[in-house]
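Participant: Heads up: the protein sequence lines correspond to chains R and G, in order.
Going by this note's numbering, the first residue of the first sequence is number 1, and it counts up by one from there.
Going by this note's numbering, the first residue of the second sequence is number 1, and it counts up by one from there.
Quick caveat, the hints were computed from the structure, so don't treat them as lab data.
Heads up, a few of these hints could be off.
Note: identical chains are not told apart, hence a pair may lie in one copy or across any two.
[What the hints assert, rightly or not] Simulated crosslink set (PhoX-like; lysine-lysine; CA at most 25 Å straight-line):
no., residue 1, residue 2
1, Lys255, Lys344
2, Lys255, Lys159
3, Lys171, Lys25
4, Lys354, Lys344
5, Lys171, Lys270
6, Lys171, Lys40
7, Lys354, Lys93
8, Lys255, Lys25
There are 2 protein chains.
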Amino acid sequence: MIKEISGGVCAPQGFRAGGIWCGIKASGTKRDLALIYSEKLCTAAAMYTSNRVKAASILVSQINLAKGRCHGIIANSGNANACTGSAGLNHAKAMASFAAEQFAMQPEHFAVASTGVIGVPMPIERIEAAAESLANSLRGDAAGHDAALEAIMTTDTRKKDGALEIELGGKPVRIGAMVKGAGMIHPSMATMLCFVTTDAAVSKELLDKALRNAAARSFNRVSVDGDTSTNDMILVMANGQAGNQSIESENDDYKIFAEALEHLCIKLAKMMAKDGEGATKLLTVSVKGAADETDAETLAKSVASSSLVKCAIFGADANWGRVLCAMGYAGIDFDPESVDVSFKSNAGEISVCKAGASHPFSEEDAKKILSEDEVEISINLAGKGQGSCEVWGCDLTYDYVKINGDYRS
Amino acid sequence: MIKEISGGVCAPQGFRAGGIWCGIKASGTKRDLALIYSEKLCTAAAMYTSNRVKAASILVSQINLAKGRCHGIIANSGNANACTGSAGLNHAKAMASFAAEQFAMQPEHFAVASTGVIGVPMPIERIEAAAESLANSLRGDAAGHDAALEAIMTTDTRKKDGALEIELGGKPVRIGAMVKGAGMIHPSMATMLCFVTTDAAVSKELLDKALRNAAARSFNRVSVDGDTSTNDMILVMANGQAGNQSIESENDDYKIFAEALEHLCIKLAKMMAKDGEGATKLLTVSVKGAADETDAETLAKSVASSSLVKCAIFGADANWGRVLCAMGYAGIDFDPESVDVSFKSNAGEISVCKAGASHPFSEEDAKKILSEDEVEISINLAGKGQGSCEVWGCDLTYDYVKINGDYRS
Numbered sequence: 001m002i003k004e005i006s007g008g009v010c011a012p013q014g015f016r017a018g019g020i021w022c023g024i025k026a027s028g029t030k031r032d033l034a035l036i037y038s039e040k041l042c043t044a045a046a047m048y049t050s051n052r053v054k055a056a057s058i059l060v061s062q063i064n065l066a067k068g069r070c071h072g073i074i075a076n077s078g079n080a081n082a083c084t085g086s087a088g089l090n091h092a093k094a095m096a097s098f099a100a101e102q103f104a105m106q107p108e109h110f111a112v113a114s115t116g117v118i119g120v121p122m123p124i125e126r127i128e129a130a131a132e133s134l135a136n137s138l139r140g141d142a143a144g145h146d147a148a149l150e151a152i153m154t155t156d157t158r159k160k161d162g163a164l165e166i167e168l169g170g171k172p173v174r175i176g177a178m179v180k181g182a183g184m185i186h187p188s189m190a191t192m193l194c195f196v197t198t199d200a201a202v203s204k205e206l207l208d209k210a211l212r213n214a215a216a217r218s219f220n221r222v223s224v225d226g227d228t229s230t231n232d233m234i235l236v237m238a239n240g241q242a243g244n245q246s247i248e249s250e251n252d253d254y255k256i257f258a259e260a261l262e263h264l265c266i267k268l269a270k271m272m273a274k275d276g277e278g279a280t281k282l283l284t285v286s287v288k289g290a291a292d293e294t295d296a297e298t299l300a301k302s303v304a305s306s307s308l309v310k311c312a313i314f315g316a317d318a319n320w321g322r323v324l325c326a327m328g329y330a331g332i333d334f335d336p337e338s339v340d341v342s343f344k345s346n347a348g349e350i351s352v353c354k355a356g357a358s359h360p361f362s363e364e365d366a367k368k369i370l371s372e373d374e375v376e377i378s379i380n381l382a383g384k385g386q387g388s389c390e391v392w393g394c395d396l397t398y399d400y401v402k403i404n405g406d407y408r409s
Numbered sequence: 001m002i003k004e005i006s007g008g009v010c011a012p013q014g015f016r017a018g019g020i021w022c023g024i025k026a027s028g029t030k031r032d033l034a035l036i037y038s039e040k041l042c043t044a045a046a047m048y049t050s051n052r053v054k055a056a057s058i059l060v061s062q063i064n065l066a067k068g069r070c071h072g073i074i075a076n077s078g079n080a081n082a083c084t085g086s087a088g089l090n091h092a093k094a095m096a097s098f099a100a101e102q103f104a105m106q107p108e109h110f111a112v113a114s115t116g117v118i119g120v121p122m123p124i125e126r127i128e129a130a131a132e133s134l135a136n137s138l139r140g141d142a143a144g145h146d147a148a149l150e151a152i153m154t155t156d157t158r159k160k161d162g163a164l165e166i167e168l169g170g171k172p173v174r175i176g177a178m179v180k181g182a183g184m185i186h187p188s189m190a191t192m193l194c195f196v197t198t199d200a201a202v203s204k205e206l207l208d209k210a211l212r213n214a215a216a217r218s219f220n221r222v223s224v225d226g227d228t229s230t231n232d233m234i235l236v237m238a239n240g241q242a243g244n245q246s247i248e249s250e251n252d253d254y255k256i257f258a259e260a261l262e263h264l265c266i267k268l269a270k271m272m273a274k275d276g277e278g279a280t281k282l283l284t285v286s287v288k289g290a291a292d293e294t295d296a297e298t299l300a301k302s303v304a305s306s307s308l309v310k311c312a313i314f315g316a317d318a319n320w321g322r323v324l325c326a327m328g329y330a331g332i333d334f335d336p337e338s339v340d341v342s343f344k345s346n347a348g349e350i351s352v353c354k355a356g357a358s359h360p361f362s363e364e365d366a367k368k369i370l371s372e373d374e375v376e377i378s379i380n381l382a383g384k385g386q387g388s389c390e391v392w393g394c395d396l397t398y399d400y401v402k403i404n405g406d407y408r409s
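Whenever a hint applies, use it, and build me the whole structure from the sequences.
Facilitator: Below, the structure is given as structure tokens:
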């Protein structure tokens, strides 16, 4: 039984979070420096961007988290600290040190994350000057969570977080998470930062496995614009304070824990897709009847990533031909003449394509269905296999162009 | 010596072209049915979309051109005749028949091309009714060429054509071409139609080879929105009327001919990129110093296809970090710390990134350079190899979203 609770990353026992404005962002109105901290050393697992160009924060976190242990993470927005050479590496290491000094801990026990503009030197002296007030901002409640979340947001328009509670061996166990990401989001991750906390006791290996499974079925099924960032990172920290019997094998407790983590990640992934830069709609693309889940995912992602499909969804135009077209260049073997397509939303469902050809439908009804703020393109390959998958994206709008035509200034 | 001449596909001897309005497009203002014809049977070579969902016109042309012989092509705009089932196949065959009947030729000697909306039945009776006036519209001059070109245009805003003359063994030989394409253009082709005529005498095999080489270095290096259409086709027809000694081996004549064909295709490819849907700028991305030409092309295409780069170019924003980011997810092995980037145009050149890190530059000068209507992103991998490549794309604008948010209606 998964129960939704409040408090985000501060919902699990022993985690505190805080966020302040330290002057990385030009204006003083938004926070830009965050800290999540557990007094008790955590077991940690992380995933990083697949981009060959990796931000300094990624390189330092990879080293610091290599042993799967950490006390927390220091993160900033407003500057990606990417393409910044050896100075950038030193700055990222310094961020870990500033955080560690506040608690007399080892710098190696802190992860570092950054998001913002690429190629601009980090104003590290501002972070140094703010380290003490950052530590003072830590709170183990929703307010601390909210401040930290605000401090990692860039073009995000909404706060994206969640927390839930499960029972393991009769003990309540909590998982909390915050996520940042609006553009550059694509299958295989993008400037997406996701920090997950849990008071579960779990081995490093199984925490890692649960994270990879959850990410594969959530964040890696989101597409906004096809770009993959230099700074992506997902971190999960488990401090064991729930007192459950530590999960050391793939037993029932592991399954409950892994399922809950996946549930939370899917929830945040959908929030992220809906908050894609300039997006007005959450687009779900579902594929059924593919040869296997991988084929279903590849087909669904091709449709969700198509600029032409995304523009049609923005315009509430039932242009199903573009759906078939995008499936056609996905590189997957399927029979175009066995494809059914329908459009769905809270306003109803309408079949627009049967057996790969036009199925008569009311344009008026289709318009109504596609005008909702959450719409689904439902694709059925008519029984050629059991593979199914859902992926999430958004529409492509004037505002996407506006936001990204003038991002730096 | 390549000499530019006028007349487009009618410049080579023995080719005539025409175009009329037959009622596929709703309004009577634009032509929608084209014919290119050579009385003398041509040697033909063609390339087709790689999309798994292929329009009926593609399937029929593949059959009709299998032996590498044709008299011409009948083409329409306003309806893609894709996802139209067996009725669509019959309609595409009928189009070839209508054209053939006018000259008492075999239907199998006509290629068929369509472009427009997917999934709508072709109003074949209108084409049948118009076949005679289509044949009557044929003219062996620039006017015939222009009428045919207009009849295959959809969201194109400019006519894209060219012709040139070379000498083979002292005989003047001409090559003419027209191209249609504005959206859905991507490496590996998209609703791009390109018809090339030549009066050269050349074997089927070498015509095919010359076409594939030319396309690989021209149309396949263009990216507008990453979508690949169901209807792409390039056709080249050679009727031998120039009287040159037929090209049967890769001799000097072949090299001159192949180079001229590539020259013409590159010219049209750049025109196509510049006329991308909603585009305000031609974007050239050049890569030097890659391990080989293939790596250079992959890196350049990743940059030219990035929505974030394209938005920055639209906004004349010197956001070079996005260039490195797009290179980083191209899947190519390179050292980010050896990358130099500069922006170029008629207004000058400015270095913005040296050795993978920021190089101080004047934002004002950069803005001026990027505000020109033809801009280049020049990338140098600093001597790691000799591989170089140029690809062409365009910016991503409000108008792209507008055009594609409301295409059908």
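Participant: None of the hints should be skipped; say for each whether it holds.
Facilitator: Evaluated hints:
no. : hint            : verdict
1   : Lys255 - Lys344 : neither (32 Å within a copy, 56 Å between copies)
2   : Lys255 - Lys159 : neither (29 Å within a copy, 62 Å between copies)
3   : Lys171 - Lys25  : neither (43 Å within a copy, 69 Å between copies)
4   : Lys354 - Lys344 : within (15 Å within a copy, 50 Å between copies)
5   : Lys171 - Lys270 : neither (29 Å within a copy, 66 Å between copies)
6   : Lys171 - Lys40  : within (19 Å within a copy, 87 Å between copies)
7   : Lys354 - Lys93  : between (57 Å within a copy, 23 Å between copies)
8   : Lys255 - Lys25  : neither (42 Å within a copy, 58 Å between copies)
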